Every structure is written in C-alpha cells, then in structure tokens.
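Please build the complete structure, drawing on both the sequences and the hints.
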Amino acid sequence: MSFSNSGNTGGETVIPSSDSPSLNGVTAAIDFDEPQKSYSLLPKQNSEVPGELLEVAMGPHHPSTHGVFRMDVVLDGERIVKLKPVFGYLHRNHEKIAEGTSYLGSIPYTDRLDYLCSMSNNWGYALTVEKLSGFQVPERAEYIRVIMAELTRLVNHICLVGFLMQDMGAMGTPLMYAFREREKILDLFEAASGARMMCNYLRFGGVRCDLPKGWLDEARKVVENFPRFLDEFEALLSGNEILIARAQGVGVLGKELAVNAGITGPMLRACGVNYDIRKVDKYGIYDRFDFRVPLGEHGDVFDRYMVRVLEMRESLKILKAALRDIPEGLIVDAKAKSRGLRPKVGEAYGRIEGPKGELGFYLISDGSANPYRYRVRPPSLINLTILEDMCLGLTIADAVIILGSVDIVLGEVDR
Amino acid sequence: MLGTGLIKGMAQTAKNFVGSYQGPERLVTVQYPEERLAPKENARNFPFLVFDGDDAQKGLRCVACQICEKECPPKCIYINKSKDKKPDYIGKPQFYPATFDIDISVCMSCQICVEVCPFDAIKMDKVFELSTTDRFEALLLHKTELAKPNEYFQELHPTEAAEIDTRFAEEKLKAEAKAKADAEAKAKAAAIAAAPKPEPAPVDGSIPTPVAPKTI
Amino acid sequence: MDLAFIIIAVLTLASAVAAMSLRNLVHCALCMVMTFAGIALTFLQLNAEFVGLAQLLVYVGAVAILIVFAILLTRSEDAKKEVRFVSSSTVVGFGVVALVAVSLLAAIQHTQILPPQSVVAPHVSVKRIGEQLMTNYVLPLEVIGLLLTAAMIGAVVIAMREPDPADSVDVQQRNGSPLKLDPDSKKTAVVANE
Amino acid sequence: MTGQLDQLFVSLKQWLVSFLPQAAQPMAGILLSISAIIGAFATMFAITTIMERKILGRIQNRLGPNRVGPFGLLQPAADGIKMLTKEDIVPFAADKLVHFLAPVVLIIPVALALAMIPYGRNMTAVDLDAGILFFFAVGSATELSVFMAGWSSQNKYSLVGAMRAIAQMISYEMPLVLSTVSVLMMAGTLSLPLIVQAQSGYIYEILPRWNVFTPWGLAGFVLFMIAATAESNRAPFDLPEAESEIIAGYLTEYSGFKYALFFMAEYWGLFAVSGLAVTLFLGGWNAPFPFLQWVPSWAWFFAKLGTIIFGFIWVRGTLPRLRLDQLMNFAWKFLLPMSLINIVVTAMWHFSRVFQFVGAREMRWVLCALVLAIPYFFLGRALGEGRPAKRNYKFAE
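Chains L, Y, C and D, in that order, give the protein sequences. Quick note, in our numbering, the first sequence goes up one by one and the last residue is 415. Quick note, in our numbering, the second sequence goes up one by one and the last residue is 631. Quick note, in our numbering, the third sequence goes up one by one and the last residue is 825. Quick note, in our numbering, the fourth sequence goes up one by one and the last residue is 1222.
Everything labelled a hint here was simulated from the structure, so no lab data went into it. Everything numeric in this text was worked out from a predicted model, so none of it was measured. Glycine included, C-beta positions come from ideal geometry on N, C-alpha and C. Worth double-checking, as some hints may not be accurate.
Unchecked claim - Stretch by stretch, here's where chain Y covers chain D in the computed footprint (C-beta under 8 Å, at least three residues):
hint, segment
1, 884-890
2, 1134-1143
3, 1196-1208
What the hints assert, rightly or not - Within a straight-line C-alpha distance of at most 27 Å, the following computed DSS-like cross-link-like pairs (lysine-lysine) qualify:
hint, chain 1, residue 1, chain 2, residue 2
4, D, LYS921, D, LYS911
5, L, LYS335, Y, LYS485
6, L, LYS184, Y, LYS423
7, D, LYS1215, D, LYS1158
8, D, LYS1158, L, LYS255
9, Y, LYS455, L, LYS184
10, L, LYS317, D, LYS1219
11, Y, LYS430, D, LYS1215
Next up, the structure:
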C-alpha cells in the first residue's frame, strides 16, 4: 500500500528542508558529502495533519516538469502540504567552462542556456562584454538586435502559452498552433544566422553577419500575420471557461513576496509591479520605441498568461517600428574584435529584459583572454524559487500549471 | 453564460480542422524524406575543408595555423601540423595539416572556426543526414572526408563564395603582377649585377599574405 | 440441477469462503464482490431480472466501492499482524455456525415440503414493480427515502471540512509577510468588466 | 430489396444457424451474435483509433499518421503488433493476480453492455425487459476494475489515478442515470428496442420524432453526453489518466497487451455509451427523414454513432482539463440539479399534452425551454463563483 512512506520513490539524498517555509532549500539540493540515507519530506511525528500523507517525487522524468526537474511533493489527499523543487540534473558547468574559454567562445554556450531564446541570451552577454571593453554598436546592428530580441520574445511567449495549455491537458492543440507560428520565426532566424535555435548571431559590438537580401520583407510579412494568429489563439483560449476556472485565483503570488524573492519578467509584472528593464535601463535603442508594459493585478496563473499575450502584442508594435526604421550601414563596430579579445582589468554587469525575466551576466576581467569570473543571473532559476509558496494548499493539478506558468527552461535553471 | 467560451473555442478548432484541408496556410507540414525544403543560404551544420583544383590534398587551403583548434569552444578539432612545407596554391611554401580531424559528435555547429579562419579554408556544410550506427569512429571525420572542392562551397553559399573568389582572384592578379615585377627586378638586378656595383634584390616579406588560388 | 447453477454456486461459495479467510483486506473485499455478483447471477437465473440487476447495481457498483474506499481510508499499519488460525474467536465462530445450522435444520425438518409448483411464474415486469412501489408500498418507500436523505445529510456534515483558519493565515503570511496584506484587498482589487 | 438489405445480418444469422441441428440452434445463435458484436467493435476500435489520430492531427494542423499502408490506414495493425510484441512488465511489488485480472474485469462488463444495444431493426443481441437497467448495472462494475488496476500496481500515481477515477465515475453516474430518466418516463419502458420504437414516426410527415428535438430531450442529451464523457474518462474529464499530472493514472504500470486491453475496453465503453445516447435521444436506428428510409437501419445507427464519436474527438482536441474539485462541483452543483429539473420539465411536457388549442404545441415548447434555460443560466453563474470572466489589464507607459 503506497499511502505509507515505505515506497519512497526518490532515491537521492537531499538535505531535508528546514522549518521556515519560504525561499529555502532551493540551492544545492543534492549533498554529496552526506552519506546516503533514506530521505523523506514527511514529518516524523504526523501530528499536525490528520490522515496519512503521501509523498510523491514528481520528476525528473515526469511528463510535465519541462525537462529534468523534480518536485518532491507531500500530499494530503490531493492537497499539497509540502513541495520541494529539486534540480541540477542538467548542470553543464557553463560558468566554469566560460572561465576557461575565450570571450568569443562563450557565445555559443549562452545559446544553450535558455534554448528557446538564444538571441536574447547572446544579447545579454554581448552587452556585458561591450560594457567591459567599450565597443560602440552601430545603428543598424542595434536595430537588428531589437528585431531579433522581440522575435525571440514572441517565440518564447507563444511556446510558453502552448506548454501551459499542454499542462492543463489541452491535447497539444494550442501547442501545435504555437509551434506552427514559431516555425515561421525560426525560419527567419535560420535565414539570418544559419541556425534555428542555437543562433550564435550577436557579436561584441554588433552582429555576426548582415541580414540576407529580402529578409526584412519576410520579417514584415511574419509580423503582419502574427496578430491575426494571436486573435485566433485568444478566441480559442482567453474566454474558455475551463481555462478561467483552472487559472484564475490559482498560484497567487503576492507583490511583496515577488519583489523580495527577486522575481522578474512577466511573473513580476503579473503581480502588478511595473518593472521592465527595457524601460528601466533603456539598453540598446529601446528608448526610441513606443510600447507599453502590461500589468496584471492578481498575480495568478491567468494574469501570467494574459500578461504574456499582451506583451506579444506590444512586441509586435516594437517590431513594426523597428522594421520600418532600420537604416543601412555597418553591422559591427570597426574597432571591435572578437578573436583574442582582452578587455582591460575590471568588472561589468549587463542585463537585459529576456522573455523570462532579467537575464544578467556578470564578468570580471583580469586582462587576460579569458574572463576571471563569469556568472549568469538566470531568470528561470530565480523565478522558480517561490514555487512552494505558490503551490501550498493547492492540488497536484494546480502545481503542474503553476510550474508551467513560471516559464522555466531547465537549461537555464541548471546551467 | 456558461459555455460560450467553450463553443467559441470549438469553432476555432473546427476552423483549423477545415482549414488544414484547404492549403498550406494552416497545414505547414512537409513530408520530409520525400519532400524537402530548400536549405537557407546561411544554414550551417558541420564544418568542412575547402580545397582548390582537382587534388583534394594538394589543394587544401588550410595551412595548419591551428587558430580554429584553439578557438573551438568544445575543442572538437584536432590538427597536427606537417613537418615539411608544401607549395601553396600559388607556389608559396606553407605548412599543411598532416592530420585534421573533427569530431562531429562533439561539434556544436557554432561556426566560430569559420569566423576565425584567416584563409577561408574551413566552411560550414549543410548536410544533416549524418546518423550512423557507430558512435565513435564514424563521427570522427578525417582530412580526407572533410575536404570538399571549392565548387561545392560555391554551390552551398554562392554569395560568400563569390566574394571570396573575387578577392582571391584579385590577390592572385596582384601576386602575379608582383611576381612579374619581381622577375623584372631580378632581371634588372642581374643586368645590374653585370655592372660593377650590384644591388640586393628586394626580398619578399616574411609574413605570408593570403595569395591568389591557382585556378578555379 | 443445471450446470450453470453449479458453477455459479461453487464460485459464490468459494469466494465467500475466500472473503473470510484471506489476509489481505483488499483481496477479501474483491472476493466479496465476486460473491455479490454470484448472488446477482443466481437471481438472474431465476428470471428475477429486476432484483438481479438491482443487486448488481447496488452491491457490485456501490457497496463494493464503498467497502474498498473504507478499507483504503482506515487501514492501519499493523494490519499485517500474524493471526493464529486457532484462537478463541475461531472457537466462538464455529459455535455460532453450529447453532445456526442446527436451528435451520430444525426449521427445515418441521416444514412440510411443498409440492412442486408449475413453473409458470407470474411475469413481473418493471412496470408492475413501479406500480406496486407507487401504490401499495408508497409509505415504506417514502420512509426509506427520508432515512437515506437524512443519512446523506449527516454524512455531508461529518465529511465537510471546517475551513482551517490556520491554513489560510499561513498562506497569507507566506505571500506577503512584510506588509501584512489585508485579506480583503484581493477582492477590492478586482477590476470587473461585465 | 431495401428490406433485404435492412435485414441482411438477421437473415444471414438465420441462414447460418439453419445448418445446425435443432437443439444446437439457440446456442449457436447466441454465439454468432457475440462473435459478430466482438468482431464489429474490434474493427470499429481499430478504425476509431486511426480516425481519432487523423482528426486530432487535422485539428492541430498536422497530417496525422500516414506512413503505414495507404493514407496510414494500416496504422492500427502496426499498433496492434507493437502492443502484442511488447514486453509485459509487472512491477515487482505489484499484486500480480489483481494486476492481471483488472483489464479482464474491465472488458467483460463493457462487452456485456454492448450486447444490450439495438443496432438496427431486429438487431438486438439480448432483448431484456430491463435493458437500460442492465446497462447501468454492468457499467458500474467498471469502477471496480479501475480500482483493482490502481491499487495492485503499488504505484502512487496509479493509486491517485484510481481514487480520482472512482470518485469521478461515482459522481457522474448520478447525472448519467438521471438524464435517462426523462426518456424512460416518456417511453414508459426500460427496454431499449421499445424506446427506439417510441421515437419512430414523423411529425407533419417530415420531421423526425426523436427525443433530442424536444427541450427536455435536448437538455437530457447534453447532460447525458457530458456525463458520458466523464464516465468514459475522456477529455476534458480525463483526470484519472491526466498525463501531465499523474503520468497515466491507473494505467501507469501497465504495458503490452494488458494496456491494449484497457485501451480497447475504454473505447468499447465509449461505443456503448454513445450507442446508448443514440438509442435514447437520437432515435436509434430510425432514419431522420421519411424519404431516407431506404438506407438500412443499421447504417443509420452506425452513422449516428460515428457522429457522436467525432464530437468526442473534437472536444478532446479543443478543451483543457478540469481540476478534481471543479469536476466534482460540476457534477453535484450543476449536472445533478439540471438533470432533476429536466425530469420536472419532462413531466410538464407530458402533462401539457392535454391542451389542444391552437399554438399549444409551440407554447409548450417555449415554456419548457425557458424552464430549462433560466436555471441553466443561474447555475452556470453560480459555478463561476461570481468570478468576473473578463479582466482589465493596465498598461504602464
């Protein structure tokens, strides 16, 4: 009988969570020094909760954990009394590798952080290196970067909504529609950079190569058709009673907790905090575009969904303007060099508004060809930290869609 | 009222169901092995080595400078420089790669080797049907498998290839002119040498400048 | 005796014995379901369609599930304790069985065996059962209905979980410890668009 | 000629049986019916799986399976071979006997239920006086098998799935049965062929007299279909096997042919319950218009069945899944009151037949529809818990 704890499925040794509930236990989940012992989240003396508890390890090969992520969940019936995110299954040593590689050599690795949004990852890293070395980005390159980053945002948000609906059990239909549109944008990426997902397109002080002939017209066509698709998408989903019932009031995240926990991106804006680095930092040429930042009010799953849909519409505005105004000219700073770059001693922190939140890169240069320290601030990881706080008291089904609405990519969480 | 949103959604899926029979706007699937989309000009997959002329090994543009080996982020290129020099495509003695292996099971198709190569010797291929049943040997490509003629490159990336070819042709012209000038100078010098006071002939700089290819 | 009857009877009895003697409670419950089904089949064989189907619907469909649920929800850890086959309760059990058997046999002995009647049983259709229930037996029906309703309300009251104040406070605190969010503020913040 | 075509299978059976000695004929007739039903529905199962994948594919703008055979039509054969040759894995800790019995216990009642349905004129395998009662009686046994599967697998997901399934099936059995009550009231019988007969004939010689074309019939049909979706564990009520939440629910530890049996039983259950819906509400094997009566009755039955299954697939391709508590709320707070109201409306309809003045028919229609629509509106609102469906979003410049 599996109501008892005898059949604990989690084999790993994990540090038991301390008593304070929020924001703990999300770092170093696997302790290699501790001798292997059987581990359980269940309270020893089961006095506080009546009835028997059931501990379930959801993941790392669970269909809805978006990769190799694990949630150790303690259930009372179907209600969650405790939840512990466990990750690290996809750790690839990105930061340490980057400290042994040249500045240029890290760009392809940044593609693989959040593999849905390689263009914005490139930009975050390039921005940091430009800060460190003082390269100027030419006009045309800035426009190209904005176009690519906003297209990436479309790709990411549309996929996210598809995945979220998949978690809600919609048989993949919204996901397939999302992928149909994503394909068109990926074609654009391929035409410009040569690869669909691992673009490796941006360079310090510009972009790697100019846009091929006719690319801008193609892009304009895609951008023109996208709103029609979004309307259809919203007709399918936004008014759907089941979606409303499932999403409204579920996984509510308070403003204060969100700010305290360092949540960024659409997650934060869904709570009603007006914080968009495109507006705050005005990096690149974002001050030239007229766009608004949609804000939610309840901080629940539905707000997170709607904020993303609205953000796509704003991105389309930016894209339209950028595709109209893009000038001719150089695509890379004449002074910039990618090979053998040795920035002067110093440190820099560059951040961009990635589709998932604030994507930051922190670099310390000791004057050599490799960075002395390289650190990524991954929005996925930091947005994941409050998972337990959003899920407590709800059911497994809710936990699955809350995880879906957080929008994580395990490549970025574990790096 | 309860159900309106559901019915709207059902209407959307019905529209897509019908639309998928009406043309490629909604049904975007391509039946892969039979139908293929034309690859984009910029598309890239795994690197190959370009050679000029007919002889794959003699005409290799690579001079084994090992920059790509050093810059490759996942370190999947293995080069052994030759001991001897081999006449380059314009007859200039250059090193050549005694071995040049790329482990495409490690390669992440980032194109950095292409970017850093000063000789336009390594380029990206578009072939993607490379699966084999052998994980090790079959995916470690050697110099012989990697070498592809310039014509192949011209086919893959016409714009870039045309640019490189014109540059090479110009350089070749320049080099020929220079060689001619050198020869003339030599002849002159010889003539002068016959005269009482000989003058040293101008010596070519030691820096190997990329020179024009033999033929295309 | 008909072959089908023998099969059904043997199965029913065997599963009844198994339901009593098996260690695993769930197995016992499943065996009991088989007994129920066997009884239902016997009814069907006697052409008592309605009773047989009602037996199936009520006992196999509802009672069995109820038993299974009860076992799952109340099962304690020490259910696997070794039970001695011969214990005082066994002796008592055999005593009860013997008493019942003796009294039954006595009753049978004292009854005059009825002459075999003609096989034409009155055709009892569902319609007739309905008519009977709504005319002659309407009072018992209503009483039973009332009783069941009362029982259901009682069950709902027992099962209804009091909204645990501790829980909601907990969640509230998690969600906004520093500023102490007013629990009502959520409602006021809703922007409705009818 | 049309009559012959209509009675094709009946006369075929009689012809085949007539070769046997008199004593063996009844038994042979029964066996023939059984094998015909099993064969027909096994084929139909195969066709439905491929059609479902094709239609879902088209809904999702894909092509669906098209590699095995012409247009992928042999896909079910390939799937069957795959299922048969797969290793049958039984978890070490599982209760082996119960684990083995669960799919068997599931398929028996489902097959029994299929025997009840009138597939055409004179085409009912078992014509019981209390046919519909039998249908529900055997249908309720499926819960047991789901419990057996979930419990015996010794897997937490399986157990959660089984609990969900049982809770869901018990809750939805109530509206399922109650929504049929109105039909039984009007037909005055529990026998399915007689219910079909009650729906034959045409109003004004052209409009079919099906139950679905009355207010109570339409409401009953919708309620029945919703409850049937839940009973057969299909989207959006597929919580017991919600793959994004509990892997595959009670099927998690099943593989190979046992899984295939579960799968088939699920589809057979779907056919049975759809067949019942056709019988109760869509006029069974009756033709929709008198001039179409030349089409054999069984063809009409299967056409209607196919339409209903297409509807199931369409819903599956569109709607996301409900949560367990919402599912329960929906059953107890919406479907149950609505089906009770529907019974009242049926009684209204029945007794208002006495009025014979001009326009009485139309008035009765409107009145009954209103009595149904108003509670529908308010119950629907109550389900949303007063939550505003539309939200406004602010924008920061």
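Here's how the hints hold up against the structure:
1. 884-890: Check passed, 5 qualifying residues.
2. 1134-1143: Answer holds; 4 residues pass the 8 Å Cβ test.
3. 1196-1208: holds (count 6)
4. D:LYS921 to D:LYS911: Cα-Cα ~18 Å, so holds.
5. L:LYS335 to Y:LYS485: holds (23 Å)
6. L:LYS184 to Y:LYS423: holds (26 Å)
7. D:LYS1215 to D:LYS1158: holds (23 Å)
8. D:LYS1158 to L:LYS255: Not satisfied, since the Cα-Cα distance of roughly 34 Å exceeds 27 Å.
9. Y:LYS455 to L:LYS184: Roughly 13 Å separates the two Cα atoms, so the pair holds.
10. L:LYS317 to D:LYS1219: The given pair, whose Cα atoms are some 17 Å apart, holds under the 27 Å limit.
11. Y:LYS430 to D:LYS1215: Holds, at about 24 Å.
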